[in-house]
Amino acid sequence: MRRHGLVAACLNVIKGPIVSAEWDIKDPDGGLAEALIEQLRPLWRRLVSQALTALDFGYAAFELVYDAGGEGVRLLETRALDPGTVEPLLDGDGRRAGLRWRGADGTVDLDAAKSLWLVHAGEFGDPWGESHLAPAWPFWQALTYAVVYGNRWLERHALPPAVVRYPAELTVDSEGKSAPANETRALELAKRINSEHPAVALPQPAEAGQPGWEIELLQGAADVSPLLDWVSYLSKMLVTSLFVPEKALYQDGDRGSLALVSEQVNTFLLTLDGIARELAEQISTGLLEPLAGLVGRPGARPSLVIASMAGSRRTLYKELLVELIHQGKIDLAVEQIAAELGLSLAEAGSNKM
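If you count by this note's numbering, then the sequence shown holds residues 1 to 353, one letter each, in order.
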């Protein structure tokens, strides 16, 4: 599902700004914060990109690789692990105490200091979290079937089955039994006309005044607009369920409340802030605090801060909206969303004027 074009595009829209956002580490000890930033900076982009796969699967797991050299402990790598090969290890109180990894060489248990386990939307302490794609799944499934039926419609119009009607005359076969005289020839003729579909041969009365042999191509329904409307609706709902919060109101049609669209844009930006904060809190407790202990500050509580997506990030979303309008991938209150971002539709290259 996450490889579907619309789903992948929406995930990129969500993840991209978080990956490129500015970040910092806060701690009362400025020296510790600076040391942690220096260690995390070369690893950050890969770490946050792979950490955001928690949106896809509900969780993400890492092996933390350290180097205890002469200059002290250094974090060398945050090695992402295949979600299908890991499970969390919990202590007696249900808190995460590491993870179990089933690798090519066998099963390995990694303690909390050498592992990082991140979850998305882990309600009620669920260590597996919940995929951000869950609300979109019904629309994706329905859209998949709709596309299959659409392909069948196109196939039948491009290569319609041939129907051959033949006179219902009888003959005597080799066993002395009565058999249709023309059925075999009719089937062979239908297959020659269109070998891509099953041949259809139908008898008709061999009477005076009745047509003898007839050939026609079996056409399907000519009006495909209901199917196209259904595909369009499912595509909009698929994008809506990912591009804005699951509980946001879906507005059908091209026009609607400007106030509602304004709130949808602002709510989406705040949703990104929530995802970034969820990620930052878990990296702080699961990575920075153990690392601070390894460098000699076991009681420290450094915190990762990711810059807000709202405000200064609106320019980025203006550019994203331009691209989506230009490609025709969204058609949901376009004029109002553009107005909210201060964007001219002519500037976006839209034909919707």
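Hint data in this document are derived by calculation from the structure and do not stem from the laboratory. A quick note: this is a predicted structure, and the numbers were derived from the prediction, not measured. Beta carbons are placed, not taken as given, at the ideal position from N, Cα and C, and that holds for glycine. Among the clues, some could well be false.
As the list claims (entries may be wrong) - For lysine-lysine, the following DSS-like pairs were computed, each having C-alpha atoms within a straight-line distance of at most 25 Å:
1) K26 <-> K15
2) K236 <-> K177
3) K15 <-> K236
Claimed, not checked - Restraint-style ranges between C-beta atoms, simulated for each label pair:
4) T144 <-> G293: 44 to 50 Å
5) L202 <-> R3: 19 to 25 Å
6) G92 <-> V148: 47 to 53 Å
7) L43 <-> L270: 25 to 31 Å
8) A8 <-> W44: 18 to 24 Å
**OP:** Please test the hint of 47 to 53 Å on the beta carbon pair from G92 and V148.
**Re:** Holds, since G92 and V148 (Cβ atoms, about 50 Å apart) stay within the stated range.
Original post:
So the hint says 44 to 50 Å: do the beta-carbon atoms of T144 and G293 match that?
Top reply: holds, 48 Å
Original post:
Between A8 and W44, does the beta-carbon spacing fit 18 to 24 Å?
Top reply: At roughly 23 Å between Cβ atoms, W44 and A8 fall inside 18 to 24 Å, so the hint holds.
Original post:
Are the Cα positions of K236 and K177 separated by 25 Å at most?
Top reply: violated, 62 Å
**OP:** Evaluate the given range 19 to 25 Å for the C-beta pair formed by L202 and R3.
**Re:** violated, 44 Å
**OP:** With 25 to 31 Å as the target window, see if L43 and L270 comply at their CB atoms.
**Re:** holds, 28 Å
Subject >> Pair hint outcome, K15 versus K236 [Cα-Cα no greater than 25 Å] >> reply: Cα-Cα ~20 Å, so holds.
Original post:
Would the pair K26 and K15 pass a check requiring their Cα atoms to be no farther apart than 25 Å?
Top reply: Distance of about 23 Å is within 25 Å: holds.
Checked against the numbered hints above, the structure breaks hints 2 and 5 and satisfies the rest.
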